[in-house]
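Line by line, the protein sequences give chains W and S.
For reference, each letter of the first sequence is one residue, going 8 to 416 in the working numbering.
For reference, each letter of the second sequence is one residue, going 8 to 416 in the working numbering.
Hints may contain errors.
Note that identical chains are pooled: a pair holds if it fits in a single copy or bridges any two copies.
[Unchecked claim] Calculated pairs, DMTMM-like style, for lysine to aspartate or glutamate (alpha carbon to alpha carbon, straight line, at most 20 Å):
{"#": "1", "residue 1": "Lys-333", "residue 2": "Glu-388"}
{"#": "2", "residue 1": "Lys-332", "residue 2": "Asp-181"}
{"#": "3", "residue 1": "Lys-130", "residue 2": "Glu-149"}
{"#": "4", "residue 1": "Lys-117", "residue 2": "Asp-147"}
{"#": "5", "residue 1": "Lys-326", "residue 2": "Asp-94"}
These are calculated hints, taken from the structure and not from any lab test.
Number of protein chains: 2
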Amino acid sequence: MSLIVHKYGGTSMGSVERIQNVAKRVAKWMRAGHQVVVVPSAMSGETNRLLGLAKELSANPNPRELDQIASTGEQVSSGLLAIALQDQGVDAVSYTGWQVTVHTDSAFTKARIMGIDDAKIMKDLNAGRAVVITGFQGVDPEGNITTLGRGGSDTSAVAVAAALKADECLIYTDVDGVYTTDPRVCEDARRLEKITFEEMLELASLGSKVLQIRSVEFAGKYKVKTRVLSSLTDPLIPLEQEMKSGTLITFEEDSTMEAAVISGIAFARDEAKITVIDAYQILGPIADANIDVDMIIQNQSVDAKTDFTFTVPRAEYQKALDLLKKSVQSHIGAKDILGDAKVSKVSVVGVGMRSHVGVASKMFRTLSEEGINILMISTSEIKISVVIDEKYMELAVRALHKAFELDQK
Amino acid sequence: MSLIVHKYGGTSMGSVERIQNVAKRVAKWMRAGHQVVVVPSAMSGETNRLLGLAKELSANPNPRELDQIASTGEQVSSGLLAIALQDQGVDAVSYTGWQVTVHTDSAFTKARIMGIDDAKIMKDLNAGRAVVITGFQGVDPEGNITTLGRGGSDTSAVAVAAALKADECLIYTDVDGVYTTDPRVCEDARRLEKITFEEMLELASLGSKVLQIRSVEFAGKYKVKTRVLSSLTDPLIPLEQEMKSGTLITFEEDSTMEAAVISGIAFARDEAKITVIDAYQILGPIADANIDVDMIIQNQSVDAKTDFTFTVPRAEYQKALDLLKKSVQSHIGAKDILGDAKVSKVSVVGVGMRSHVGVASKMFRTLSEEGINILMISTSEIKISVVIDEKYMELAVRALHKAFELDQK
C-alpha cells in the first residue's frame, strides 16, 4: 500500500463527464489498495469568470476580496469530486484549505504555504476514505482566505505530498508529460521520460506552464517524487502502465538519462522591461507591491551612469512603472525611466550545459541568423535566457529547437 | 447613528450592475452616518447551477458536500460586493460564515443557527467599515460548512441583527413589501404597510416566499425590527423616503393598524399528502431524515381505525413514502399507506380572526361555490389552511382574495 497524491488541472475537471473520469481513475487506485489524496483545480474557465466579475466592479480590486472570491472555484470542484467518488462507491470527503488546515502567509493572490496539518487527512485515509483537498488556497494567521497564484494547485499537491510523506505525487494534466518545448509553438517538440529537478525548476521559472515553479521548489526541498502525466487517457488503463507514463522528475542525474546538452526550451510571451538610469534601491517599492521581478541586469555605461534594467510580467508593467515614477521621479526625473511592454523571454535549459561550452554562442548565432535582435541576456549554471521583441518569439523557439536537435532522440 | 443590517436577495445581486446599485445604496447609508452590515444572497441562478452540477454526478448527493459546494455562491457575491463598496469609496470587508463565526448545528442543507460571534464585526464597524457577511451559511462544531436551506439568507440577516442588537434589519428584495397575496396569482393583491409578527410568521410558514420562516422566528424571538422593501428603486432615493417604504413587521397590534379580519392569503403549491391507517409513532423516521412535516391531521373512523394524514414538501414525498414503507410496512402492510403527490395548500391569515367568527365558514363556502373539494383542514388562532387539488390553487387564491375584500383598503 502506498500513499499517493493526485492533482488534476482545470481541464481535467472541466465538465461533469471529466469529473466522473477523475473519480473512476481515483477509484481504480483505491481498489488497488492505495491511499489517495486528490487535489483538484477549479473547473476550467471558472477562476477567470470569477476574477472577471471582480474586474468589472473595480479597475483595481482588493486582493483579499479577490482571494475570497477566487478560492470558491476549487471548493466547488472538490465537493463535486467527493460526490462523484461516492457515486463510484468510494468513501470520500472534501476539505477546503482552512479546514485541513493549509497555513500560508498573508500575501493575497500569491501566498506561500507555511505548513500543512496532517492529522485530519491521516485520520480519514486510515478510515479508508479518499480525501479531496482544494488546491490553490490556504488561510493566513488572521483567518483570511489566501490563494497561491496561478497554477497554485500544483504547489498545493506537492506540499500536501511533502506533509504526508507521500510515496508519489502524480500531476495529471492535459498534456502527457514535459516536452522539449511547447508543441503548440514547435511541432517537433518531444516528450521527456525523465527530467532533473534542477532542469524542471529552470523550465518552470522560465515560463513553461506544465508546473508552477513553487511546486517544483517544494518537490526539490522535500524530495517529493513527482510525475507529470495525462488525465485524458482511459481512466481504467492498467495501473502498471499508468505508473510508467508521463515524465518523472528525478533528483539525481543517472547514467540512463538522455545525454543531451539541452533538455528544453522555455518561453514567456507576456513580459515587459523597464530601464532606470542611474538609480539605486529602486526595487524596494516594487517588491513591497508584490510584483514579480524576473530578469535583472545592471550595466555601467561609458559616462559612468548606471543602467538598471529588469523585466516584470506584462500584466504588472503599468503598476511597476507607476510605482517607480512615484518613488524615484523626484530624484532622477521621468525621462530617465524607459519601458517596453512588448517583449518575450526565450530560454534554453539543460544540465548538460555544465560540461559543454559553446551553448551560448550557438544560441546567439542561431538567433542572429534569423535576424532576431537580443535585448537582454541572463545566464545561470544550467540555462541561458534572452529577452527579444515579442513578435519574434515563435520563430526563436523553433529555430533553437532545431539548432539544439531537440527533435531527435 | 444607527446600526443597520441590510439583506439583499439573489435578484438584487444578479449582475454586476445590480451589485453596483447595492453598493451605492449601502454607501448612501454609510454617508448618512450609519453603521451597516450587509448580508447578500448568491447571484440569482448560482445556487441552482451549483446544485445542478452535483445532481448530475449523483442521484442522491452527500448533503455535507452539497453544503461545501452551495455555500460558495454567497462567498462570491460577498467578495464582489466588498469590492463594489470599495469602488464607491467605502471601506469594506467580507466574511464567510466560518470567519465571523456563525455557529450552527450539523443538519446539512437545513442547519439552524446556534449563535453568532460579534467581536470581529463590531471591531470593523467601529473602524468605519461596512461589513459584508455571507448569508445562508455557517459552520458546525466539527468545522464543516453548513447551509440554512432555501431563503436562509433572510435568517442570517435577522440573526446577525439580533446578535449585534441592530436598530433595524432591512430585507431588500425584488418586491416592494408584503402583499395580501402573490400578485402573480391575484392581480388585485395589495401591499401592506405593516403586518404583525404573528401574521408574518403564519404567512411565511404557509408558503409566502417573501421571508423564510426561521428569519421571522428569529425576528420575533429577539424583537428585531424588520422591514421588507424593494431593492429595485433608485439606490439614491432620499433616506427618509426609503426608511418608510415597504412593509414593517410590528410586534404589537396598535390602533393605527388596518382593522381587517384577514391580512393575507398564502399558498404552497408543491405539497404532497400521505395517509397511514392505524399506525402510531410513524413520524419518528420522517423526523430523523430531516423531512419537514407540515400539516398533521388525525382522525378516528367509524370502524375504530385511526387515519393519520400529514403533508410534506412535494420534493420529499418519495423519500418520506419510502421511509414509511420500510419502517412500518412490516407492521401494517403497504396497502394501508396512501399518498397524493399533487396537492396545494391555501391559507387565510389575520390577527383580526381572533375576534371574528365566521371566517372559516366564509372560506369553506367560497371554495364550495367554486366547486373546489377540500381534502384537509387545519386551523390555528390566526389562520385557516386547506389542502386542495393542485389544479384549483390559483382559482382558490383569487376567490378568497375577493371574498375577504383584500383588494379594498
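Problem set entry | Homo-oligomer pair classification [Asp-181, Lys-332; C-alpha up to 20 Å] | neither (42 Å within a copy, 48 Å between copies)
Problem set entry | Intra/inter-copy verdict for Lys-333 and Glu-388 if alpha-carbon distance must be at most 20 Å | neither (36 Å within a copy, 72 Å between copies)
Exercise. From the Cα coordinates, with 20 Å as the cut-off, is the pair Lys-117 and Asp-147 best called within, between, both, or neither?
Worked result: within (12 Å within a copy, 29 Å between copies)
For this session: Indicate which option fits the pair Lys-326, Asp-94 if close means a Cα-Cα distance not exceeding 20 Å: within, between, both or neither.
Result: between (48 Å within a copy, 18 Å between copies)
Exercise. Is it within a copy, between copies, both, or neither that the alpha carbon of Lys-130 lies no farther than 20 Å from that of Glu-149?
Worked result: Between. Shortest inter-copy distance 14 Å satisfies the 20 Å Cα cut-off; intra-copy 26 Å does not.
When the structure is compared with the earlier hints, violations turn up for hints 1, 2 and for no others.
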